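Novice: Heads up: the protein sequence lines correspond to chains A and B, in order.
By my numbering, the letter at position 99 of the first sequence is numbered 99, and the numbering carries on one by one without gaps.
By my numbering, the letter at position 57 of the second sequence is numbered 57, and the numbering carries on one by one without gaps.
These are calculated hints, taken from the structure and not from any lab test.
Just to be clear, a hint being listed does not mean it is correct.
Once the Cα atoms are required to be at most 30 Å apart in a straight line, the calculated DSSO-like pairs of lysine-lysine come out as [as the list claims (entries may be wrong)]:
(1) K9/B / K57/B
(2) K57/B / K108/A
(3) K69/A / K108/A
(4) K108/A / K42/A
(5) K9/B / K96/A
(6) K96/A / K57/B
(7) K57/B / K42/A
Here the structure is a predicted model, which is why all the values come from computation and not from measurement.
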Amino acid sequence: ILNVEQSPQSLHVQEGDSTNFTCSFPSSNFYALHWYRWETAKSPEALFVMTLNGDEKKKGRISATLNTKEGYSYLYIKGSQPEDSATYLCALGGFKTIFGAGTRLFVKA
Amino acid sequence: DSGVTQTPKHLITATGQRVTLRCSPRSGDLSVYWYQQSLDQGLQFLIQYYNGEERAKGNILERFSAQQFPDLHSELNLSSLELGDSALYFCASKPGPPMNTEAFFGQGTRLTVV
Numbered sequence: 001i002l003n004v005e006q007s008p009q010s011l012h013v014q015e016g017d018s019t020n021f022t023c024s025f026p027s028s029n030f031y032a033l034h035w036y037r038w039e040t041a042k043s044p045e046a047l048f049v050m051t052l053n054g055d056e057k058k059k060g061r062i063s064a065t066l067n068t069k070e071g072y073s074y075l076y077i078k079g080s081q082p083e084d085s086a087t088y089l090c091a092l093g094g095f096k097t098i099f100g101a102g103t104r105l106f107v108k109a
Numbered sequence: 001d002s003g004v005t006q007t008p009k010h011l012i013t014a015t016g017q018r019v020t021l022r023c024s025p026r027s028g029d030l031s032v033y034w035y036q037q038s039l040d041q042g043l044q045f046l047i048q049y050y051n052g053e054e055r056a057k058g059n060i061l062e063r064f065s066a067q068q069f070p071d072l073h074s075e076l077n078l079s080s081l082e083l084g085d086s087a088l089y090f091c092a093s094k095p096g097p098p099m100n101t102e103a104f105f106g107q108g109t110r111l112t113v114v
C-alpha cells in the first residue's frame with residue numbers, strides 16, 4: 001500500500017515569514033510527485049509536477065525540490081502572505097495518484 | 001474554472017438510498033479519478049478509469065461502483081447509503097498517460113446522508 005506522508009499537519013506563521021513543509025513517499029517505483037494548493041471551498045489546483053531526482057521547480061514565491069532516492073520533497077514559501085493560507089497537498093503520481101493528508105497553512109497578517 | 005464539471009453540487013439523501021454522482025472531464029481528457037474527502041480527512045483515492053476501462057482501485061467500498069462511458073463522462077454510484085458516507089466527492093481528470101501530468105479537479109459533490 002502506497003503511503004504518502006506530509007508534515008507538519010498544520011502551520012501558523014506571520015505575514016512575511018518563510019516556511020517549508022515536507023512530503024515523504026516510498027522511493028521504489030517512482031513516477032512523479034505532484035504538489036497541489038487547496039483553498040477552502042474550492043478544488044485543488046496543481047502547483048508543480050516533478051519527475052526527476054534533484055528537480056527544482058519555482059512559481060513566484062513558491063518553490064519545491066525533489067529527492068527520489070530518499071523519498072521526499074520539500075515545498076518552500078518565501079515571504080508568506082495571507083492569501084497563501086490554504087492546504088498544500090502532495091501526491092504520488094501513477095495510476096492511483098495517492099494524496100497525502102496535506103499541510104494546512106495559516107498566514108496571519 | 002478547471003474544465004471538469006461535477007453534478008450535482010449538493011445532495012441530501014436518507015440512509016439506505018442510492019445516488020449517482022456525475023463527472024464530465026476536461027475536453028480531451030481520457031483519465032478520470034474519483035476521490036472521497038470525509039470530515040477532517042484528506043483525499044482518499046477511490047477508483048480510476050482510462051478511456052472507459054477501470055485502471056486502478058483504491059479504498060472503494062463494495063456498495064460503491066463507477067463507470068466511464070464512451071463519451072468519457074463518468075458516474076459514481078453509491079448504494080445502501082450510511083451516515084458515514086457523508087463526504088465531499090471529487091472527480092479529477094487527466095489527459096491520460098504519461099502519469100506525470102497534473103490532474104484537474106471538479107468543484108466536488110457534497111453528499112449528506114441523514
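Novice: Check the hint pairing K57/B with K108/A against an upper bound of 30 Å on the C-alpha distance.
Specialist: 40 Å, violated
Novice: Just to be careful, I want the Cα atoms of K96/A and K57/B compared with a cutoff of 30 Å; is the pair within it?
Specialist: 7 Å, holds
Novice: Mind checking the alpha carbons of K9/B and K57/B for me, to see if they're no more than 30 Å apart?
Specialist: Between K9/B and K57/B the Cα gap is close to 24 Å, so the pair holds against 30 Å.
Novice: Can the restraint linking K108/A and K42/A be considered satisfied, given a maximum Cα separation of 30 Å?
Specialist: 20 Å, holds
Novice: Please work out if K57/B and K42/A have their alpha carbons no farther apart than 30 Å.
Specialist: Holds, at roughly 25 Å.
Novice: Is the straight-line distance between the alpha-carbon of K69/A and that of K108/A 30 Å or less?
Specialist: Not OK: K69/A and K108/A at ~36 Å, beyond 30 Å, violated.
Novice: Does K9/B pair with K96/A here, judged by a C-alpha cut-off of 30 Å?
Specialist: Holds. K9/B to K96/A sits at ~24 Å (cutoff 30 Å).
Of the hints listed earlier, those the structure fails to meet are numbers 2 and 3, in rising order.
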